Amino acid sequence: MNKRYVEIVNLVKAYPNPVGDPIRVVDGFNLNIAEGEVIGVIGHSGCGKSTVLTMTAGLNEITNGNIVVDGKEIDGPGPDRAVVFQAPCLLPWMTAAQNVMLGVKRVYPHATKRQRKDIVAYYLSLVGLADAMDKRPREMSGGMQQRVGIARAIALKPKMLLLDEPFGRLDSLTRMDLQDVILDILDREKLTTMVITHDVDEAIYMSDRICMMTNGPRARVGQVLDIPFERPRDRKAVLAHDLYYDLRGCLIDFLEKFEKKKHTDQAEEIAAPRSAKEPPISTRGDVSARDATLTNPLTLAVVSPMA
Amino acid sequence: MAEDMTAVTESQTMQMIAAAEVWTPLDGDSGIQLAQAIATPGLNAALPAVGETLLGGEGLAGQAWAREIPLLVDRIATEDFANADALLESGITAAAALPMYDHGRVSAVLLLYLRGGVRAAIELWAGRSGQHELGMVCSYYGDLERFGNISPYVNFPMGSGLPGKVWQTGRPQVMEGLAQSSEFLRSTGAENEGLTTGFGLPLIRGLELRGVLLTLDSQVTSAAQVYEVWEPTMAGQAAAMCRRQAASSKESSRFARASEALKLQPGEGLVGQAWASRRPELTNELAIAESGRASVVEADGLSFGLAIPVLIADEVRAVAMLAW
Amino acid sequence: MLTKLKHLLLKIIDLTALGFLEPIVRLCYGEEPGTQVKKIGQFMMVPVLVFLLFIMVWSAFAPRHKTKSGEVPTPAVTFDSYRSIMTFHGREGDKERAYLATGDAREKWLAEAEARLEELKPLRAEAEAAVEEAEAAHQGALTATYDPALAEYNEARQAAMEESKQRIAKLKVRAEGIAADDSAAKGELLAVYRAHTAQTANAKSDYQKLKQQADAILKAKFPQLAAARARLTRIAEEEQYLKQLVKMLSGGNREARVADGQTKLDALRAQYAGAEGAALFPLAKSINSAESRLARTAESAYAKPWTLPMQIIRSVYCVFVGFFMGSVIAIPIGVLCGLSRTFMAAMTPFIALFKPVSPIVWLPIFLIVIGGFFPDPDKHWFFTTLWNAPLIGWLKINPAFLASAATVAMCSLWATMVNTALGVASVDKDHINVARVLRLGFWPRLFKIVLPSALPLVFAGLRISLGVGWMVLIAAELLASSEGLGKFVWDQFNNGASDSFAKMVVVVFVVGIIGLLLDRIMIVFQRAVSFEGSVATV
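Chains as they are written, first to last, in this note's numbering: chain A, 1 to 307; chain B, 1001 to 1324; chain C, 2001 to 2538.
The set of hints was computed from the structure by calculation and includes no laboratory data. Nothing here was measured: the structure is a model prediction, and the numbers come from that model. Think of the CB as a built atom: it goes at the ideal place given N, C-alpha and C, for glycine as much as any other residue. Do not take every clue at face value.
With a straight-line Cα cutoff of 20 Å, these simulated SDA-like cross-link-like pairs (lysine to any residue) come out [as the list claims (entries may be wrong)]:
hint, chain 1, residue 1, chain 2, residue 2
1, A, Lys-135, C, Ser-2453
2, C, Lys-2011, C, Met-2522
3, A, Lys-105, C, Met-2522
4, A, Lys-135, C, Met-2522
5, C, Lys-2004, A, Glu-139
6, A, Lys-105, C, His-2007
7, A, Lys-159, A, Met-101
8, C, Lys-2429, A, Glu-61
Some residues of chain B that are not near chain A, with every Cβ distance over 12 Å (derived) [unchecked claim]:
hint, residue
9, Asn-1044
10, Gly-1051
11, Glu-1058
12, Ala-1086
13, Leu-1088
14, Thr-1188
15, Ala-1261
16, Ile-1288
Please model the entire structure based on the sequences and the hints provided.
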């Protein structure tokens, strides 16, 4: 399994500042996502989670760094990275089926009309909307609209699925339903996924790993937490697991820590001025310790000589 | 360097590090030989004697040398130690074997014997395959159960947390006041378990980080009484070692203060010796080894010392010193 | 079943934006009677009552204002003149059909008309008698009221003049007795003279008032006479109409004329057959002209004058022509403006400059420009084709019509253009993101996302444009003398007949009602394309 299916390397997003230096919203974000893995991203509001996601989707311009998906560097948006936004943004003048058909037409240009209709019906039934195919968005509840949004995204047969707080606007019951819908789909289609969420429990339930982002500006990855529960996830089993409370506590601690850290972030930065004297780094192949599934020698940061 | 024992003080029995050994490779690369050893009194019977060899990758230290990776076991077993039972009876539960790299080869293996039932922790972190993060390889938590529960699942990218900081700077790091520290990302856990001081040691080969060894002390138990990080600077035309960071328990505060502005030449003190030999140096007579600071050493009752050099691109960039 | 009907009705009401009908339907189904009644009261009863109040105020105040064209017409008078307009229209229609009637139907109709004429004769006599009677009564009343008033006036005038003469005489006498150096007396004389002038003026105004009163009595309406005269007029009008109808059904009828012409032609042909030599040429000429005359007659149509309903149709037709012309220009330009900032910047000076220009300025310009295309409109192939076209031939489209339509287009296209530009430019960013993720090309994005998203605003613009266009049209027709509601108003104004004013007021309501209907139609369209399901209806 390709552990570097998606590589986000030193991602930087800077916005021009009329009164000074450009403001770096995201500074040096590094993350590798394995094929078929679900990565949850949590962090405080405004820390730049959505910025990272939209840059991965190609909808936001990358200031520095690169994002490589399946060996190819990304170049703008495309159906290989399907996005589900917080607001479903269905086209309101089209029915649910037509909305999904828009993507299907794009991705299956050589299929016949009959085949495309079947594909649309298949995906809509996957999200449980088999009998609402001809409804318009204004006739559907928020949860139903979001389901259509999800169907539209996966119908693109994307390499990567990006979910930007997909259930933020929904009530908890609908949220739980849709979490299961997505997990079901992911188990079936084995899509590499990035999910941004505010809900710690949702992150634990849905993710294989959770990336905790530090606060903005100059946000990057703070910690990454492994979620050792097996798939397919059983909500009751997960909630009852011994480790659940500790995992949750770890996430909440991180968030609380950055609640206080919000304004002192600049001062706490580890100053490591770059120097040209020491040569850059290399990586090596796999080296595993005895009873762990990892290791891999890591590249050191460029270290400054002492003055 | 001395093989005899010296008087044992009360505090020393609450150290997590019970004994330490330095093994060096034999000529011909057939195995390793014990070059130096220190131990709290009463353990000598269970430990190997200086000059003994481990051939063909035998034992924990032999494996570390043969596989060229750091290893940590949280339960001593016969496959790693011939006298596993004797060690366990003496109260030693865990062990860490840390290879030192010089010019692409293992130049020494530092073996640490760790006491059981202590309120302190030792963790070994290394890079995860395919990921750009440090993940936990193995750990020993003594009595700190809850802290141990979650830590195996946490991974750190460069710069984040204590392991990340060690990775980013490539230097040993000492962190005090863990429970309030904004950099120690597991501070709540630290607060709950009463952890106070953390020490991180990078294990570097050339330009690769092979691992990070982390020790976490509480008020009750610590890995060492004193931690120091020395780095070379240009003082005039000659290089000298300057102390960059330090942490010490209350009992050893005099030692800490005295060493603040100290500059060490190559060969001077335990740190200078490690700098010159490019290998870990041990002593159980710290006052003699640290002639320049002998008075404060004795005043604070420190007798054991361990100096570990950190080489990046085959140059000594720092020396970490532990004393208890 | 019934519930389905209810839902259907409610859906229709929703679609056509006739929201005030909703409580009625709900009440019929017994839903929340209290609320429904209240709603009916609010949205139907109150407006109706206010409108009735308006009618009453109008009726009360109208007769008080007297103008050159008579009194301001009351609602009743307005309604009467509306009826007379419609009667006129009906009669002209009848005459046209009579002209074209053939065969048995014609005979039958002719008989009926003549019979009715007979019926009218005694009625007319009666009416005339009634008028005479009323006139006599009027005279009698006048003698009672007018004569004394007049007499009073004359007396007063005489008296005033006498007094004036006497005063002057006295003054002259006084003047003679004044010496050259008696300045005091001279001054007194002047003062007294001034007083005299003032008195004369006062007296004059007094007896003028009396004259006005007398005149008012004379002019005052004598209801009996007015009613009798009105009845007589109606009968006379009908008589006249029937006479014309009879003419159309007999000698003036097309069939008859054709037959007549045919007979003449046959006679000529017979003559021709029997003639020879020099007589042949003039005969041939006659036959030829007879033939062409006959052909023309066979094809001829009744020269129907323009009645109000016909003018209404022509106006509506004109406004739609102008509206479509304007939309065809405005929408594409609007789309381009919305898509490209540069284009918008390029267009802004034109929009800003030409938007405020009044239709009254555009019309003469268009008349000149369009006139330039058609130096001889009656002979131009464009108009002759149109006049011979099947359904629209009778509209007689002429350059004035085109100029009015062009003016409508010019003034109404701005709303559509600006709204279209706005709609295209303000497509929801999320929808654009959908297009980006799917990597849609330029054209699919335009037609699948940008245009459908902009459609509600485009239709909002169209609705405003149509409203503006309708207002502009009436003014344009009036100035261009293009047959239509505008020209009708102008004709009535210049006519100065007794019911002209009333007819103009009728046109006010006609224009308003048609404008309302046009707006309503556009609302339905707007509703149809809006996807939020609601549309501001004002």
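Worksheet entry | Satisfaction of hint between Met-2522(C) and Lys-105(A), Cα-Cα up to 20 Å | violated, 34 Å
Fill in: Least C-beta distance between Ala-1086(B) and chain A, which was stated to exceed 12 Å
About 23 Å separates Ala-1086(B) from the closest Cβ of chain A, which puts it past 12 Å; holds.
Practice prompt. With a cut-off of 20 Å on the C-alpha distance, tell me whether Lys-105(A) and His-2007(C) pass.
Written response: Cα-Cα ~36 Å, so violated.
Fill in: Check on Gly-1051(B) being off the interface with chain A, judged by Cβ distance over 12 Å
holds, 28 Å
Fill in: Outside-interface status for Glu-1058(B) - nearest CB in chain A farther than 12 Å
holds, 15 Å
Worksheet item: Between Lys-2004(C) and Glu-139(A), is the straight-line Cα distance small enough, at 20 Å or below?
Response: holds, 19 Å
Worksheet item: Holds or violated: Lys-2011(C) with Met-2522(C), Cα cutoff 20 Å?
Response: The hint holds at about 18 Å.
Discussion item. Is the claim that Leu-1088(B) lies outside the interface with chain A correct, judged by CB distances over 12 Å?
Written reply: holds, 19 Å
Discussion item. Please verify whether Lys-2429(C) and Glu-61(A) have alpha carbons no more than 20 Å apart.
Written reply: Between Lys-2429(C) and Glu-61(A) the Cα gap is close to 16 Å, so the pair holds against 20 Å.
Discussion item. Check whether the Cα positions of Lys-135(A) and Ser-2453(C) lie no farther apart than 20 Å.
Written reply: Given pair Lys-135(A), Ser-2453(C) holds - Cα atoms ~18 Å apart, limit 20 Å.
Discussion item. Lys-135(A) and Met-2522(C) were given as a pair; does the straight-line alpha-carbon distance stay at or below 20 Å?
Written reply: violated, 25 Å
Fill in: Thr-1188(B) remote from chain A - nearest C-beta pair above 12 Å
Violated: least Cβ distance 4 Å, not greater than 12 Å.
When the structure is compared with the earlier hints, violations turn up for hints 3, 4, 6 and 14 and for no others.
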